[in-house]
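Line by line, the protein sequences are chains A and B. Using my numbering, count along the first sequence one by one with no gaps and you end on 533. Using my numbering, count along the second sequence one by one with no gaps and you end on 341.
By construction, these hints were calculated from the structure, which means they are not laboratory data. Remember, predicted model here, so these are calculated numbers, not experimental data. Glycine residues also receive a C-beta, built at the ideal position from the N, C-alpha and C atoms. Mixed in with the good hints, there may be bad ones.
Said to hold, decoys possible - Listed next, with one range per pair, are the computed distances between beta-carbon atoms:
#, chain 1, residue 1, chain 2, residue 2, range
1, B, A73, A, I352, 17 to 27 Å
2, B, A61, A, F378, 26 to 36 Å
3, A, E491, B, L60, 49 to 59 Å
4, A, S293, B, N247, 55 to 65 Å
5, B, I318, A, L370, 17 to 27 Å
6, A, R306, B, R49, 49 to 59 Å
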Amino acid sequence: MTVNTMMNTAQMDAIAARHPHLVKGSANKRIRSILVFAGIGLYMVYSWWFFSIGQVLANANWGIAGTYLADWVSYEVRPDIKIAADGTMQVVYPRYSPLGPDAKPEWVKIETKMVERTIDVPAAAQQAAPKKSSSFSFMAPNAAVGGSTQAGARAETRTEEVVSRATVNFNSTTSIDVIDGKVTATHGGETLLIDLEHSAGVTPEGALPEWATQKRPGEKITLAFGMTGWADVDKEKISIHNRFPGWANFIFDTNSPFFNKSFGEVMSLITSGERLDPSRSNLSLAWNNILYNSEWQHLDVWTKLLQTIVMAFVGTLFASIIAFPLCFLAARNITRNGLLNQIIKRFFDFLRSVDMLIWALFFTRAFGPGPLAGMSAIFFTDTGTLGKLYAEALENIDDKQREGVKSVGAAPLAVQRFGVLPQVLPVFASQALYFWESNTRSATIIGAVGAGGIGLKLWEAMRTNSDWENVCYMVILILIVVFIFDSASNFLRSRLIGQKTH
Amino acid sequence: MATSALSTTLSDNGAVVERHWQELNLRRRTYTFLGLALLAVALSGSLWFANATNAGKFFDRLPYFFDFVGDLVPRDGAEIGRAMFDLPSPYDDGSLKYNYPEGRMYLTDSIYVPEYFYKMLETLNIAIFSTIFGMFFGFILCFFAARNLMPNPWVRGLARRIMEILRAFPEVVIAGFFLAILSLGPIPAMIAVSIHTVGALGKLFFEVVENADMKPDEGLRAAGGNWFERVWFGIVPQVLPNFMSYFLLRLEINVRASTIIGAVGGGGIGEPLRLSISQGHEAKTLAIIILLFTTIIAVDQFSAWLRRRLVGDQAFQLAQ
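In isolation and in its complexed conformation, chain A is listed as follows (with noise of 0.2 Å):
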């Protein structure tokens, strides 16, 4: 006799109607989850009402979030186009520009004349040197003299070579040429023609594409060109920010010897120049002078960032050794003593609820900046949280082999040893490896108050807003770093615990 088990809906529906309760949870249940969804959802606008999200949010200023972001992987030249009263101009480029102190870069082409002219040394100017100089007794009867006679202005005639003509090609597409005090932007098929020299001071001709911006007219004009960099247009001066991807300057900087060689000119020095400096060899100085590059300061940055993996280190290494003898005390089932096994668990705790930053700061005044004071921190800290974890690994092991140790007639320490031991010594070298390789993390951020390396460096380079490219240099080895610690230590612990492990 067979039962056709298989139902249509209609009777599936019929019995969960039938049986309501064995379809839908309990009442109780879905009440509270429809409560828990409820608090996380009112903790949330509570939040945001407490920390004023959305003002800070609405606040913020996005459009430097981009430049900066853009920072991390390229530089901007910075070149400024002065223009005089009578038109002539000079291309200047700021004093740590990454081209070095002479740049004549191919992307800006310049004209240039030779003019005589007419500059009128302001008397005022003149009469400061004197002046400031007759505080020296031995200068007095001069200063007297060449105050008297050049009290006026003074015009002096002068050849000089200027530049009559400047063209900044960002690339194909955009490009500022600036001729007889009129302007001309091209970006992106579009042509902008800016006069310098009306009456109403800087005045765009026509329209203003989209990517021009003036606040009122006669100001500056901003030109925006997205990635390639962007432009003030003011009537004394224009200034170029012309961006490029990459790090400048990454391994010689602006005052080596080698700095704007290619590759190959560096090696031929290398192997077979002459001594650029008499006392070293070639290879010497390039050494040198990369480890001192005094924009990327790798030297420096090598040192904190070992700085900070031998915090890690060695304040996992010293937490374990002596969290090691001290769990055996606070593991019950070893030490029958349970105000022993409590003394000591509450000073693990102790030593784990006093925040790493709080050692980090005390030790930090102790032993002063340094990877001292992180080192401290991290053996404090940590020996209480692997005292912890170690004794809780105590109290579960297996009973059944210390007994066959003890029934023997081994000494008690003979019983740890064989019995105990073989047990947890897998278990606790693998924590150890893993507190080792998060503290390789945790130990970038409490540098950062100073406790030793790397973390400190990375917060000066953030604060300045300005070297966020030193940002992302650090970062990337600090990913490589916490990488290579992380297989490590999986690999390590793979071994010991025989499976792999998290």
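Please build the complex by placing chain B on the supplied structure of chain A, with the hints as guidance.
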């Protein structure tokens, strides 16, 4: 008996066994010795390096080691209470050290929240908010990263890489970046801790999901459930207790993390703590430490209690 056992000459097979055993033993000892020697070299090198690059040298500074205890002795015991509750101090000389009432956060004209309680609340809120945020996105991401639910290796790999990057990216950099964009305050810290939490919780979550029992999923698949139904009705009910347990563990960690981020300018209790320690305000430092210590213990205990209720004894593992 022992002598007779020793004098017995071994058969060829016995000799081979003995020789193998001796070789094995020797090799194991060599490895142990080499490992320990390597560790010792690394340790002494590290210690030397740390000492050489530190501002103060270890042995020079050791006599001052307990100086910080001196930083913790206020003028009288009641000062701690006054600092904690922002009550006026009898030692008030107009300096920062005793200006406790200045920090009061007035709710109405007469009712106020003491400064450090408010800051502690701020830190706690940063931690809770970021943990909820991290849980939400970690929850969504983890199902795409689990081998048993996402057969497509590309999607799985992408989800895992995203989580790895979020987890490994230094929190302090995220906080610093958003500090530059947003103004000073707790929100950069919240963003930093949240982002890290998404990665950390996502990883723990997908491991839970991978260990889940697939029978409910099979049943739902047989009944023609689509992917979302399978996840929602087959997997989520069994992993939710573990998720909650990890959520609570993460909350404990995040309270500490947000304190630290606070100390580098991210709002909350960390900043006043750093300032009062560096300026040597004993009573304030002690008040903050006591507050922080109590909060951390309270959060830990609450989380341990709730986790025990949720998942029983397996809740007592510490993860980071």
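A73/B versus I352/A beta-carbon gap, inside 17 to 27 Å or not:
holds, 22 Å
Between I318/B and L370/A, does the beta-carbon spacing fit 17 to 27 Å?
holds, 21 Å
Outcome of range test on Cβ distance (S293/A, N247/B; 55 to 65 Å)
Given a distance of about 59 Å, which is inside 55 to 65 Å, the answer is holds.
Take a look at whether the Cβ-Cβ distance between E491/A and L60/B falls inside 49 to 59 Å.
violated, 34 Å
Range hint 26 to 36 Å (beta carbons of A61/B and F378/A) holds or violated:
The hint (26 to 36 Å, Cβ to Cβ) holds, given that A61/B and F378/A are roughly 28 Å apart.
Holds or violated: the 49 to 59 Å window for the beta-carbon distance between R306/A and R49/B?
holds, 54 Å
Comparing the model with each earlier hint shows a violation of hint 3 alone; every other hint is respected.
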